[in-house]
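Visitor: One-letter residues, chain by chain:
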Amino acid sequence: MKNKILIILLLFFLSFCFFVLFKSLQSSSIYVPEKEEDRKLSEFVSEDLFTKKKITSSEIFQGSDYYILNIWASWCAPCREEHPQLMELSKNPSIKLIGLNYKDDPKKAKNFLEKLGNPFSITITDKSGIVSIEFGGYGIPETFLINKDKKIIKTFIGNLTDDSVNQINSIIK
Amino acid sequence: MLANHIGHYSLIMGLLTSILIFFLSLKSYKLKIIDKRIFSISFLQLFFVLVSFASLVICFVISDFSNETVFNNSHSNKPILYKISGTWGNHEGSLLLWLLVLVLFLFLFLINSKNELKRYRILTITFQQVIIIGFFLFVLITSNPFNYLFPRPNEGLGLNPILQDPALAIHPPILYVGYVGSSLIFSATLAAVIENYISKDWAKNIKTWILISWIFLTIGIMVGSIWAYYELGWGGFWFWDPVENVSLMPWICLTALLHCVLVLEKRELLKSWTIILSIATFTLSMCGTFLVRSGILNSVHTFANDPSRGLFILCFLFFLITISLIIFFVYNNEKQKNFKKIYFFSKEVSILVNNWFLMYFLSVVFIGTLYPIFLEVLVENKISVGPPFYIKLIVPFLIFFLIFMSIGPNLKWIKETNVKNKIQLIIFFFISLLVSLLIYKNIGETNLINIFLIAASFYLFIVTIRDLFSKESYNFSKKISHFGFSLLILSILLNAILSSEKIINLKVGEKFTFKNEKIFFKSIENNQKENYKSVIGHFTIQDDKNNIFLFKPELRIYDQPLVVTSEADIKTTLLKDKFLVMNAIKGNEYFNVRYQVKPFMIWIWISTLLLAIGGFLSLYKRVHEK
Numbered sequence: 766m767k768n769k770i771l772i773i774l775l776l777f778f779l780s781f782c783f784f785v786l787f788k789s790l791q792s793s794s795i796y797v798p799e800k801e802e803d804r805k806l807s808e809f810v811s812e813d814l815f816t817k818k819k820i821t822s823s824e825i826f827q828g829s830d831y832y833i834l835n836i837w838a839s840w841c842a843p844c845r846e847e848h849p850q851l852m853e854l855s856k857n858p859s860i861k862l863i864g865l866n867y868k869d870d871p872k873k874a875k876n877f878l879e880k881l882g883n884p885f886s887i888t889i890t891d892k893s894g895i896v897s898i899e900f901g902g903y904g905i906p907e908t909f910l911i912n913k914d915k916k917i918i919k920t921f922i923g924n925l926t927d928d929s930v931n932q933i934n935s936i937i938k
Numbered sequence: 071m072l073a074n075h076i077g078h079y080s081l082i083m084g085l086l087t088s089i090l091i092f093f094l095s096l097k098s099y100k101l102k103i104i105d106k107r108i109f110s111i112s113f114l115q116l117f118f119v120l121v122s123f124a125s126l127v128i129c130f131v132i133s134d135f136s137n138e139t140v141f142n143n144s145h146s147n148k149p150i151l152y153k154i155s156g157t158w159g160n161h162e163g164s165l166l167l168w169l170l171v172l173v174l175f176l177f178l179f180l181i182n183s184k185n186e187l188k189r190y191r192i193l194t195i196t197f198q199q200v201i202i203i204g205f206f207l208f209v210l211i212t213s214n215p216f217n218y219l220f221p222r223p224n225e226g227l228g229l230n231p232i233l234q235d236p237a238l239a240i241h242p243p244i245l246y247v248g249y250v251g252s253s254l255i256f257s258a259t260l261a262a263v264i265e266n267y268i269s270k271d272w273a274k275n276i277k278t279w280i281l282i283s284w285i286f287l288t289i290g291i292m293v294g295s296i297w298a299y300y301e302l303g304w305g306g307f308w309f310w311d312p313v314e315n316v317s318l319m320p321w322i323c324l325t326a327l328l329h330c331v332l333v334l335e336k337r338e339l340l341k342s343w344t345i346i347l348s349i350a351t352f353t354l355s356m357c358g359t360f361l362v363r364s365g366i367l368n369s370v371h372t373f374a375n376d377p378s379r380g381l382f383i384l385c386f387l388f389f390l391i392t393i394s395l396i397i398f399f400v401y402n403n404e405k406q407k408n409f410k411k412i413y414f415f416s417k418e419v420s421i422l423v424n425n426w427f428l429m430y431f432l433s434v435v436f437i438g439t440l441y442p443i444f445l446e447v448l449v450e451n452k453i454s455v456g457p458p459f460y461i462k463l464i465v466p467f468l469i470f471f472l473i474f475m476s477i478g479p480n481l482k483w484i485k486e487t488n489v490k491n492k493i494q495l496i497i498f499f500f501i502s503l504l505v506s507l508l509i510y511k512n513i514g515e516t517n518l519i520n521i522f523l524i525a526a527s528f529y530l531f532i533v534t535i536r537d538l539f540s541k542e543s544y545n546f547s548k549k550i551s552h553f554g555f556s557l558l559i560l561s562i563l564l565n566a567i568l569s570s571e572k573i574i575n576l577k578v579g580e581k582f583t584f585k586n587e588k589i590f591f592k593s594i595e596n597n598q599k600e601n602y603k604s605v606i607g608h609f610t611i612q613d614d615k616n617n618i619f620l621f622k623p624e625l626r627i628y629d630q631p632l633v634v635t636s637e638a639d640i641k642t643t644l645l646k647d648k649f650l651v652m653n654a655i656k657g658n659e660y661f662n663v664r665y666q667v668k669p670f671m672i673w674i675w676i677s678t679l680l681l682a683i684g685g686f687l688s689l690y691k692r693v694h695e696k
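Chains A and B, in that order, are what the protein sequence lines are. Letter by letter, the first sequence follows residues 766 to 938 of our numbering. Letter by letter, the second sequence follows residues 71 to 696 of our numbering.
Errors might be hidden in some of the hints.
Said to hold, decoys possible - Okay, derived cross-link-like pairs now, BS3-like style, lysine-lysine, Cα gap no bigger than 25 Å in a straight line:
1) Lys788/A x Lys452/B
2) Lys892/A x Lys648/B
3) Lys919/A x Lys856/A
4) Lys868/A x Lys585/B
5) Lys817/A x Lys788/A
6) Lys274/B x Lys485/B
7) Lys581/B x Lys872/A
8) Lys581/B x Lys892/A
9) Lys919/A x Lys817/A
10) Lys622/B x Lys585/B
11) Lys646/B x Lys541/B
12) Lys485/B x Lys270/B
13) Lys873/A x Lys588/B
14) Lys452/B x Lys916/A
15) Lys919/A x Lys880/A
16) Lys452/B x Lys818/A
17) Lys482/B x Lys691/B
18) Lys572/B x Lys872/A
19) Lys872/A x Lys485/B
20) Lys691/B x Lys819/A
21) Lys577/B x Lys868/A
22) Lys270/B x Lys892/A
23) Lys938/A x Lys915/A
24) Lys646/B x Lys615/B
25) Lys817/A x Lys462/B
These are calculated hints, taken from the structure and not from any lab test.
This is chain A alone, in the form it adopts within the complex:
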């Protein structure tokens, strides 16, 4: 009798596994190291650069129509070059800029923002580089344009140019 219950439970469990794996087959994904757009963000937890408080992704992506997430570091030369473009984007009230500080020394990072101006409403840190990988980051600098459904609608690999700022502005309109 005991055996029978065990078998039924096992069969039930097996068919459940089968169903789940079968479902996931239909939404199969390939490894794309390049641009991945139209993708929903995965949840993550990070730390604020200035307040050092833990902050979750749902708290970060809140209260705006569009978000720009920029992966940067003080040691990264092209990040310095794209800074004026980020400053310009920060003037646009319909975008919330988020900085993701990648494998950096917090002191140097703060220094960098003090010197060149801080375009970000939130700067989060990624000391281990894991958040960037989870985000699908390809290199640094990299910029993601995200809409209010938390979907990545555009990815810019490498530093932003005036051209990319125009592209962003035209998408937002």
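Mind docking chain B on chain A? Use the hints.
Guide: Leaving out everything else, chain B in the frame of chain A:
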């Protein structure tokens, strides 16, 4: 073109022989005598698959682009070694290799099992043929390597450059022998369950096959991580990537089985547990194939992304699981249980505890790998499980595992009345605690769990070294493997806590300092090679004693297909590796330079080899005893 046709038709012939053997073996089972034709047809089957595989290799070597697989994965400019290894560097070819190993293993089993029960032999053939037929159908229906292209293209698309590496040329075949070996363990176990032959003799015989699988799986995983370390340029060797996990799971299961079958051999205990482990090992290997080949996982290993392939393996996998469960529940009746008294201080109990720990590690890896998939389907929530998850869950238990492993293997079978050298063991423990405290004092961090972890691994290390030189028991293979394992854990841990890295953007002529070393970017050199353009950076590193080392990391720009790979320059010494890699930044004169100092890196490989050598010695002893 000729080779293509020969390959295709011999594959079909192989399937026919398979079906024939299946029916002949069923007939023999009824008549209780082995039909002699099975041997000759098995040989024929091996021959057909071998011909088929060889013709695919020939297609690759002569760059016959009328073959779709060759067209997709090769290029006439490729060096000959990578043309050959390209045969199994893709989905279709690697499945053909898988099939070849399956058939080869069955054939080896046939000629090496003459002294065993007849009906058990026949049933093993039957089950193995079911698996072989499944794979034949899979290859022929969903991933035929001999698809014909007309008109013939002039040039192929090329092999993914990161796969053009000597380590990766041998990684898949070695790993496959390990994976596929577990299929024979599976078939033999099911046959033994039906024939009620789970016994001392069976354990003795099956252990040979377990050892073969285990050795190859160990080396295969090692070669894969060596490749990741050299080629992927992240400076790590294990990333808890789903596909790595998928190869680790059968390994853990097989390791548990390897120990468990000892208890069965010496004491005739743990019968059901041995059966479950054998079934689980093969199921996990199949599960690995499914996850890798269906494209469910995001990984560098995922080459196929055709849902019909995934569906086929999924159905086949569940078919095998269901069959094995039915057989297990119907035939495995432990009514004739002869009750044996078990003492806590005995080898069999310590092996059981080892199995519990291994099962815990296995379930952590299993959940970490599969949970994200389940979650995504059920609640559409994407999460990714990374190293912190595994480290947090595994490390605390690893401490106890290591301590247990230092004591357990020296206990006697049945009952240990007097644990020897108690005082010595306690002294060893305090020495290792002291060493661990000293290490942490030098780094300047304290973390209670880590101190105990290092202490535990030093403890195991000292104890296994003592065992290695003691003359009490002459089981040298066990000593080597256990010593290898302790060295592996120790070097992984020291490597993890003592590594340091610096990432910086540099252009030619700039320098930076890292700890007491000065790194200077002297120049770059451009070369045109056979199938790629190479950009070599010349760096000098000057240490505090004014020794100057030259580092030449390289960027390779392949044109078919257009991919840039970075080759790290690694200077290996017995104590540490220095690892320098550079990446180009688009439209910029700067290069992204990553410099890492990784202590004890080479010991990770050496210790894994020791593990495998221990297994090999044991295998050698077994074969010679016969």
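Visitor: Evaluate each hint against the coordinates.
Guide: Verification of the supplied hints:
no.	hint	verdict
1	Lys788/A x Lys452/B	holds (15 Å)
2	Lys892/A x Lys648/B	holds (22 Å)
3	Lys919/A x Lys856/A	holds (20 Å)
4	Lys868/A x Lys585/B	holds (18 Å)
5	Lys817/A x Lys788/A	violated (41 Å)
6	Lys274/B x Lys485/B	holds (22 Å)
7	Lys581/B x Lys872/A	holds (22 Å)
8	Lys581/B x Lys892/A	holds (24 Å)
9	Lys919/A x Lys817/A	violated (29 Å)
10	Lys622/B x Lys585/B	holds (21 Å)
11	Lys646/B x Lys541/B	violated (33 Å)
12	Lys485/B x Lys270/B	holds (20 Å)
13	Lys873/A x Lys588/B	holds (21 Å)
14	Lys452/B x Lys916/A	holds (13 Å)
15	Lys919/A x Lys880/A	violated (29 Å)
16	Lys452/B x Lys818/A	holds (24 Å)
17	Lys482/B x Lys691/B	holds (21 Å)
18	Lys572/B x Lys872/A	holds (16 Å)
19	Lys872/A x Lys485/B	violated (62 Å)
20	Lys691/B x Lys819/A	violated (58 Å)
21	Lys577/B x Lys868/A	holds (20 Å)
22	Lys270/B x Lys892/A	violated (55 Å)
23	Lys938/A x Lys915/A	holds (18 Å)
24	Lys646/B x Lys615/B	holds (17 Å)
25	Lys817/A x Lys462/B	holds (22 Å)
Consistency with the previously given hints fails for numbers 5, 9, 11, 15, 19, 20 and 22, ordered from lowest to highest.
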